[in-house]
Each structure stands twice: as C-alpha cells, then as structure tokens.
Amino acid sequence: MRPARILRILLAAAAAAAFLYYIRGAMPGGGGGTREGVPYEGAKGAPSDDPSYVPQRGGQIIGSSRSQPRSFNRLLVRDQTSDTVIMLLQGRLVRINRATFEVEPWLAEKWDASADGLTYTFYLRPNLTWSDGAPFSSADVVFSLEAALDPKVESVMAHNMMAGGQPIRAEAPDANTVKFTLAGPSGPGVRLFDALPILPKHKLGAALAAGTLAEAWGPATPPSEIVGMGPFVLREYTPGQRLVFDRNPRYWRKDARGQQLPYLDRLVLEIVPEQNAELLRLQAGQTDLTHSELRAEDYVPIRKAEAEGKVRLVELGIGTDPDGFWFCMKPAVKAKDPRFRFVQKREFRQAISHAVDREEFAQTVFLGEAVPTWGPITTGNEPWFSPNVPRYPHDPARARELLESIGLEDRNGNGVVEDEKGTEARFTVLTQRGITYYETGATVVRDYAKAVGIALDVVALEAPALFARLESCDYDAVYMRALMSDLDPGLSLDYWLSSGDAHLWNLASKTPATEWEKEIDRLMTEQASTIALARRKTIFNDVQRIFAENLPVLYFAAPRLYYGHSVRLRGVVPSVMRPQVLWNADMLSVADGAASKP
Amino acid sequence: MARFLVRRVIFAVLLVFISSSAALFLTRLAPGDLASALGPNPSGAEVAAARARFDLDRPAVEQWGLWMSRALRFDFGESLQYGRPVGPLVVRAAANSAVLGITALAVATLLGIGLGIFTGAQGLSGGLAPVVVRAFSVACLSLPPLVTSLILVFIAARTGWFPLGGMTTPGIVETAWGPWLADVAAHLPLPVIALALPVAATFERLQSQALGETLHLPFVAAASARGVSRRSAILHHAWPVSLRAICAIYGIVIGAVLSGSFVVEYVTAWPGLGRMMYEALRARDIYLVAGCAAMGASFLALGTLAGDLLLVAVDPRVREGVTE
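Protein chains in written order, with our numbering: chain X, 25 to 622; chain P, 339 to 662.
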C-alpha cells in the first residue's frame with residue numbers, strides 16, 4: 025500500500041475517533057444516550073410584583089459564578105464560590121440569617137447554653153435524613169467537629185472551632201442531642217456553629233479514619249458521592265461551564281403553609297468569569313441572578329434595564345467591607361526605609377485623612393452611591409457600628425499643620441514635603457488591575473494627597489502579583505478592599521490581633537509593634553471571650569476609637585450596594601453579605617415555575 | 339515520505355517539549371502565585387500547604403524535573419483552579435476549540451479563496467465589486483479580533499439575533515443529541531465570524547495577488563491561445579498553481595486557529611483552549627498553563643504537517659522533493 029494512502033486512512037480514523045470522543049465527552053450530563061429535557065424559557069411571562077403572590081413549586085433558575093469551586097468540602101476551602109456551592113448542598117446546626125444577622129435554628133431545633141457559657145447543648149430535629157436517605161443523627165455532628173479539628177485535615181475551619189485557646193469538644197448523649205464543651209467562654213457563642221458544615225459520617229468516616237479526608241470531595245468527585253442536608257443536591261459539574269443542582273427530595277424544611285422546600289426543581293450556575301458578560305446575560309434575560317453586587321459603573325445601565333422591565337434592582341444596604349488605604353508598617357521590613365520614620369507617625373496618616381473630602385470621594389468613585397466612613401465597621405454592620413469615633417473633616421490646612429508638626433515641609437518648593445534629611449513623602453500605591461473603583465479610588469486619593477504635598481504614584485497589578493507583594497510587605501501603600509472574616513468582631517480576630525493573618529499593615533506579627541496595637545490585642549482578646557453582649561459592644565467601641573485615632577488603615581467611603589436579578593425571580597431576601605441572594609436559596613421561586621419546569 | 343513524516347514527528351515532539359517547558363518556567367517566574375486564589379485572608383499555614391501541594395516550595399528546576407517525569411507518564415499535574423487532572427481538562431477544551439476552529443477555517447477558506455479568485459480574476463479594472471471586496475478585506479485585516487468580537491457581542495445583545503456567548507444555551511441541562519448539536523450550531527456564528535473574518539481577508543488578499551500574477555504567466559496565455567475559455571483557464575490552469583501561496587501559510591493558520599483565540603473565546607465565553615489558558619495564566623495555574631501550551635503546540639505541529647501535505651498535493655515540484 026502506498027504511504028500516502030496509509031496516511032489518508034490514518035488521518036480519517038483519527039478524525040473519526042476524535043469526533044466520537046468529543047461528542048461523548050461534550051454531551052451535557054456526560055452524554056451516552058437520548059434523554060428528554062426542556063430548555064430554559066427566559067423571563068417571558070413574568071407577572072408584575074404582586075404581594076398576594078403565592079410561591080409555587082417547580083421551575084429552574086440560572087445564576088452565574090465567576091470562578092470554579094475548589095472543593096465540595098467546606099473544611100478545606102474558604103473561597104466565595106466554594107462557600108456558595110456548599111451552602112446549597114450542606115446544612116448547619118444553626119444559621120445566621122444574612123438579612124437580620126440573627127441566629128436561627130436550622131438542623132438543631134433549639135439549644136441551651138450554660139450560665140458560664142462553657143456548655144452548649146443542641147437538640148436536633150427528629151427523623152431527618154441525608155440526601156441519600158441515610159438517617160441523620162448526633163453522631164454526624166460529633167464527626168463533623170472531629171473532622172474540622174483533625175490535624176491531618178488541616179482544615180481552614182479549625183481556628184473557628186476553638187475557644188479559650190483549646191479545641192471545642194463534642195459528645196452525643198443520644199441520637200438527637202449534642203453537647204459542646206468549651207475550654208473558655210466565647211463571645212460569639214452559638215454563632216460559632218454557623219461556620220461548622222455538618223458532614224455525613226457514613227460517607228466520610230472511613231476517609232477521616234484513614235487520614236485521607238483532605239482529599240475527599242474534590243471537584244472531580246462524582247456528584248452522586250456528595251451527600252448533604254442542604255436544599256439541593258449536585259447533579260452535574262462541567263468544569264469551566266456549569267454546575268447543576270437538583271432539589272433535594274429529602275430536605276427537611278417546609279414553608280409556613282407546610283409546603284416542602286425548596287420551591288425550585290433545579291438551579292444552574294453557569295461559570296462566567298467576566299462581570300460585563302454576566303450583566304449582558306442578565307439584561308438579555310438569559311440568567312436570573314449574578315455572582316455578586318453591582319459595580320458603581322453598572323448602576324446606570326441596570327436602572328435603565330429595570331425601567332424597561334428586564335431586570336429588578338434591589339438595594340442591599342451599605343456595604344460592610346469598605347475599600348481601605350494603608351501603608352506597610354512592618355518594622356522588620358521597613359526599618360531601613362527613611363520614609364518609615366514619618367509613615368509610622370499617626371500624624372502623617374491623620375494628615376492624609378484630613379486631605380480627603382469623603383463626600384466628594386463618594387460622589388466621584390461611587391457616583392454618589394456611598395456614604396463617608398471613618399473606620400472598618402460601617403453602618404452596614406449595624407450591631408457593631410460605633411458613631412463615636414474620631415473623624416477627620418476635609419481640611420487641607422489642618423493636614424499641612426499635622427505634616428509640619430512631624431517635620432515634613434516643602435523645603436525645595438517642588439510641591440512634595442520632605443523631612444529635615446531631605447527624604448520626600450513620595451510613595452507607590454498598588455491596587456488591583458481591572459477593578460474600576462479600586463483604580464478610580466486610588467487615583468482620587470492620589471489627587472487629594474498631592475494637594476497637601478504627599479506624592480502618590482498609582483500602579484495597578486494583577487491579583488497574584490499584588491497578593492505576593494502584600495504577603496512579603498514588598499510595597500509602600502495599597503488601596504483595595506480587604507474582606508473581614510465575619511461581621512462579629514469576635515470572629516474577625518485575624519484582622520484585629522497583631523498576630524492575625526489579615527492584620528493588613530503588619531501581617532502575622534509575632535508581637536505587637538506599637539503600644540496601641542498591644543492595647544487593641546488586649547481588648548479584642550477580652551471582647552472575644554466575653555459573653556455579655558453589652559460589655560462586648562462597649563469594649564469594641566473602645567477598639568474602634570483607638571483604631572480611628574491611629575489610622576493604620578484609612579477608610580473613606582462605604583458603597584451603597586445594589587443587586588440585579590431577573591423579574592421572574594421571587595422570594596428574594598437580599599443581604600449585604602455574599603452570596604446576596606443564594607444564602608436563602610430554598611425560599612426562591614419563579615413566577616413561571618410550572619412553565620419552566622425541567 | 340516516511341523520512342518526511344519522521345522528521346515532522348520529531349519536530350512536533352520538540353515543539354511540545356519546548357513550549358510546555360517554557361510556559362511552566364515563565365508562569366513560575368511571573369510575580370505572584372496561587373495565594374490570591376485561596377479566598378479572603380488565608381493563613382500562612384494554608385498558603386504554605388497549598389504551595390507544597392503544587393511543588394511551588396521547590397526550586398523552579400526541581401519543580402520542572404518532577405513535572406516532566408510525571409508528564410512522560412501522561413500525568414500533567416493537577417489544576418489549581420479546577421482541582422482535577424490537567425489532561426482531561428485540556429483535551430476537553432481543545433475539542434471545543436477544534437469545533438470552533440474547524441468551522442471558522444472552513445468559512446474563512448471558502449469565503450477567502452472564493453472572493454480572492456473573484457478579485458484576482460477581475461484585476462484592477464474590474465469595476466466596483468472587486469474594489470468593495472478589497473476594501474472590506476483591508477478593513478477586516480485592520481480590525482483586531484477584540485474589536486470584531488465586541489462589535490458582534492454588542493449586535494447580538496441589541497438585536498437578539500445570536501446567543502450572547504457560551505457554547506450552549508444556559509439552563510439546557512439534558513437534551514437529545516440532535517437538539518444539542520443544533521444548540522451548539524446556534525452558538526457558533528458569533529465566535530466563528532469573529533475568528534474567520536481576518537483569516538478570510540488574509541486568504542482573499544493572498545489568493546487575489548497570486549492569481550493575478552499567475553494569469554500573466556505564459557502557460558495561461560498558451561491555454562487561452564489553444565481556445566480554452568477564460569473561466570476554464572482561471573479555474574483549471576491558473577488557480578491550482580496560485581494556491582501555493584495559500585498553502586504556504588495554511589499550516590500556520592490551522593495551528594493558530596485550532597489552538598484557540600484568547601480574545602475571541604474570552605469575549606464570546608467559548609469554553610475553549612484559549613480562554614482556559616488565559617484564565618490559567620491570570621490565576622497562575624502553572625500546570626494548566628503548561629498543559630494548554632503543550633496542546634497548542636500539538637495543534638501547531640499538526641497544522642504545519644497538514645499545510646505541508648497540502649503543498650505536496652498542489653505542487654508537483656514539492657511532491658518530487660518529498661518522495662525522493
């Protein structure tokens with residue numbers, strides 16, 4: 025046979041094999057057969073917002089996610105997408121209502137706390153079952169805590185399950201009762217248990233015993249293996265494309281009319297990495313909800329879409345995580361930098377705070393949809409917000425006075441202040457590339473600082489490069505949003521304590537670098553182990569005051585957050601916390617539920 | 339012929355080896371790593387554990403050696419973003435890119451060569467139509483694919499004529515094969531047009547010039563003198579000879595189109611190799627970047643081989659050189 029003919033035959037065979045492989049692999053649901061299905065009907069036929077609307081079971085919604093879940097095991101991951109997905113699949117003993125911030129009974133129908141705050145007894149709802157039909161019991165709760173604390177698992181939740189410096193202990197007196205014992209009192213108290221995902225012992229017990237739980241329930245795990253107590257079960261995960269969730273037929277919760285929840289038959293999360301594409305799809309009626317709140321630049325087009333009846337816009341409230349501006353103040357790294365001499369003086373940072381007109385900042389950066397803020401706790405976090413902290417009104421003259429008080433003057437007339445040794449107050453400000461309000465915010469701060477003689481050069485970096493700089497303190501200053509771990513300050517110690525991994529200006533310091541940080545460490549340690557809420561609040565007000573006096577991080581404005589969803593979506597209880605709508609997924613329904621039944 | 343194929347296979351292996359190794363090293367050298375993907379406020383211990391899991395705590399050369407030893411056993415490592423082996427992820431994305439690329443290539447070839455024959459045969463004094471085609475080609479060559487893609491997405495959003503992006507309609511979870519293929523076909527026009535237009539314009543310009551030059555060669559005049567019609571002289575005598583210019587670049591075009599376009603796939607949300615590599619680069623997903631680079635290089639090698647074989651088919655002089 026001639027070589028050319030052999031080649032033709034080989035190429036034809038390879039093409040046929042590749043085509044068959046592709047068809048088999050790319051078929052939704054893994055392919056392999058003809059199955060019936062009904063495509064999504066879009067937003068047509070949605071009725072107007074009717075208060076008498078009674079939610080009906082059925083239908084599906086399509087949301088979007090900007091990234092992939094890194095695991096289906098919440099003990100191992102903390103990123104937002106994984107958290108949202110696991111919220112749909114797993115249950116907890118109690119739930120923090122993301123709209124009211126109150127603790128609600130969930131898998132536990134009630135609980136008792138001892139007077140000294142060292143013992144919590146949870147009473148589980150009777151006759152609950154896992155999504156695979158196995159009975160749920162207190163043994164699963166004890167197992168979940170053991171898994172979270174097992175050193176081999178290296179769980180990201182382990183530090184949450186500590187109190188008084190010791191791991192929380194659990195025992196199961198009977199099948200429906202769990203007793204937790206704490207080594208010391210915990211300020212957040214029962215809220216701690218919102219963070220503990222309850223895992224199925226019958227599925228994961230062997231993995232924990234074998235020391236392989238850290239590899240369990242990765243993204244490649246077959247969906248049927250992932251069992252939970254949440255409102256949905258995972259039906260399909262196509263990497264880079266979508267996650268499909270079906271109703272958990274054994275979900276425990278019913279609505280006020282006794283109707284089984286969740287209302288929806290199916291929930292699809294399409295993976296759309298780009299926020300502009302995500303919004304275009306929402307406006308075109310191809311999706312029902314987006315990954316997160318809108319950006320300031322999206323307000324105008326989405327309002328227009330709302331006026332055209334394509335989208336519903338809801339106000340979430342004031343954001344709880346405002347953008348911050350801070351200098352690296354790690355003495356071990358910056359000691360030889362001559363600028364560190366004045367950066368570490370609080371008058372220098374106070375001068376920048378005086379230089380910025382917060383009202384105008386809110387107008388420019390957030391198009392007016394923001395309120396001035398003076399510290400990390402905004403009015404959005406109402407239970408812990410303190411209005412009585414030092415404020416720095418826009419006063420460039422006062423800013424110059426403060427700079428002069430620490431020896432910074434414009435000695436050579438170039439518009440930038442110097443100290444007596446000629447060291448200029450000139451810094452590079454890093455921010456994250458591609459996030460408009462970061463880049464605008466940093467530029468606006470630069471312009472205000474310039475007016476008082478401080479030169480800031482703004483450089484936008486990709487996220488990995490920026491985080492590498494933050495980690496090693498290889499930067500002068502940064503402008504970006506640093507997320508608090510929790511709204512309760514007792515659960516955000518990583519931000520407040522000088523040893524914390526989110527102590528932005530001096531990450532994970534072995535000892536407090538200043539007296540005021542030492543004082544905050546003392547107060548926050550006391551706050552986190554105090555049970556009386558009023559006392560906790562008083563202590564935390566003191567912490568906020570000390571923080572605002574010293575300004576290790578400067579905050580200028582907290583955005584008023586908005587969220588857009590399709591007009592057919594019902595039962596939305598918006599929250600300022602992410603995921604803004606899916607936290608309450610079991611109560612979501614669609615106006616055309618029957619029409620879009622999968 | 340056998341020697342020719344062996345040379346090509348060696349070239350392909352070298353290309354894949356160099357591309358993937360370079361991608362691995364360059365991603366490793368780029369500032370930042372996976373720490374930014376671990377969620378808010380990861381602890382030092384979490385970051386260290388993640389780095390150890392992906393061999394990022396080792397020197398770059400040692401990491402490359404470990405990766406290469408695994409790759410020789412077809413284990414290309416684990417993706418940080420997807421938490422699963424790189425191999426199947428890349429194969430799936432490459433298949434999606436191939437569907438888009440093959441369709442775009444077919445459209446570009448038919449459109450570009452067809453219009454090239456038309457404008458080439460008409461010459462510079464052929465009236466308004468060739469001028470319009472030439473102007474359109476120059477415009478398509480001048481417009482970067484980013485702009486073309488954005489314009490098309492904008493048109494799709496405004497008119498609803500095409501789906502906005504993706505490979506299938508959101509929410510279609512299970513369906514019969516026929517409707518599913520129809521759904522994929524409905525999503526193809528937007529990225530295919532964006533990808534095919536500049537390629538078609540290139541082909542049109544090349545074909546037009548090559549045919550115009552060939553028509554002035556003596557053998558075409560001889561054919562005409564023998565009474566061959568102009569149409570036949572163009573299509574049966576001049577065109578096959580003028581195809582050499584297209585075949586010379588066809589291999590590279592095949593490789594480039596099949597290995598995925600970062601821009602088109604990203605803007606139109608096509609789940610292909612280009613988009614996957616872009617996202618992997620942004621996330622410093624080091625093994626996925628290397629895997630995508632290896633697959634892209636494989637496509638390029640295959641494309642070059644296909645281009646060479648086409649050249650062999652259309653040009654007897656090359657065929658003689660290869661079979662000697």
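Hints listed in this document are in silico derivations from the structure and should not be mistaken for laboratory results.
Don't be surprised by glycine CBs; every beta carbon is placed ideally from N, CA and C.
Misleading hints may appear alongside valid ones.
[Claimed, not checked] Simulated restraints on C-beta separations:
#1 PRO482(P) to PRO247(X): 51 to 57 Å
#2 VAL470(P) to GLU321(X): 55 to 61 Å
#3 LEU519(P) to GLN387(X): 32 to 38 Å
#4 GLU332(X) to PRO369(P): 42 to 48 Å
#5 PRO482(P) to LYS278(X): 54 to 60 Å
#6 PRO414(X) to VAL485(P): 47 to 53 Å
#7 PRO482(P) to GLY189(X): 58 to 64 Å
#8 PRO369(P) to LYS561(X): 51 to 57 Å
#9 ARG559(X) to ARG389(P): 50 to 56 Å
#10 ALA331(X) to GLY452(P): 45 to 51 Å
#11 PHE474(P) to ALA475(X): 26 to 32 Å
#12 LEU367(P) to GLU239(X): 28 to 34 Å
#13 ALA360(P) to LEU557(X): 57 to 63 Å
#14 GLU332(X) to ALA651(P): 29 to 35 Å
Hints, one by one, checked against the model:
no.	hint	in the structure
1	PRO482(P) to PRO247(X): 51 to 57 Å	41 Å, violated
2	VAL470(P) to GLU321(X): 55 to 61 Å	39 Å, violated
3	LEU519(P) to GLN387(X): 32 to 38 Å	52 Å, violated
4	GLU332(X) to PRO369(P): 42 to 48 Å	44 Å, holds
5	PRO482(P) to LYS278(X): 54 to 60 Å	56 Å, holds
6	PRO414(X) to VAL485(P): 47 to 53 Å	51 Å, holds
7	PRO482(P) to GLY189(X): 58 to 64 Å	59 Å, holds
8	PRO369(P) to LYS561(X): 51 to 57 Å	43 Å, violated
9	ARG559(X) to ARG389(P): 50 to 56 Å	42 Å, violated
10	ALA331(X) to GLY452(P): 45 to 51 Å	47 Å, holds
11	PHE474(P) to ALA475(X): 26 to 32 Å	52 Å, violated
12	LEU367(P) to GLU239(X): 28 to 34 Å	30 Å, holds
13	ALA360(P) to LEU557(X): 57 to 63 Å	59 Å, holds
14	GLU332(X) to ALA651(P): 29 to 35 Å	56 Å, violated
Checked against the numbered hints above, the structure breaks hints 1, 2, 3, 8, 9, 11, 14 and satisfies the rest.
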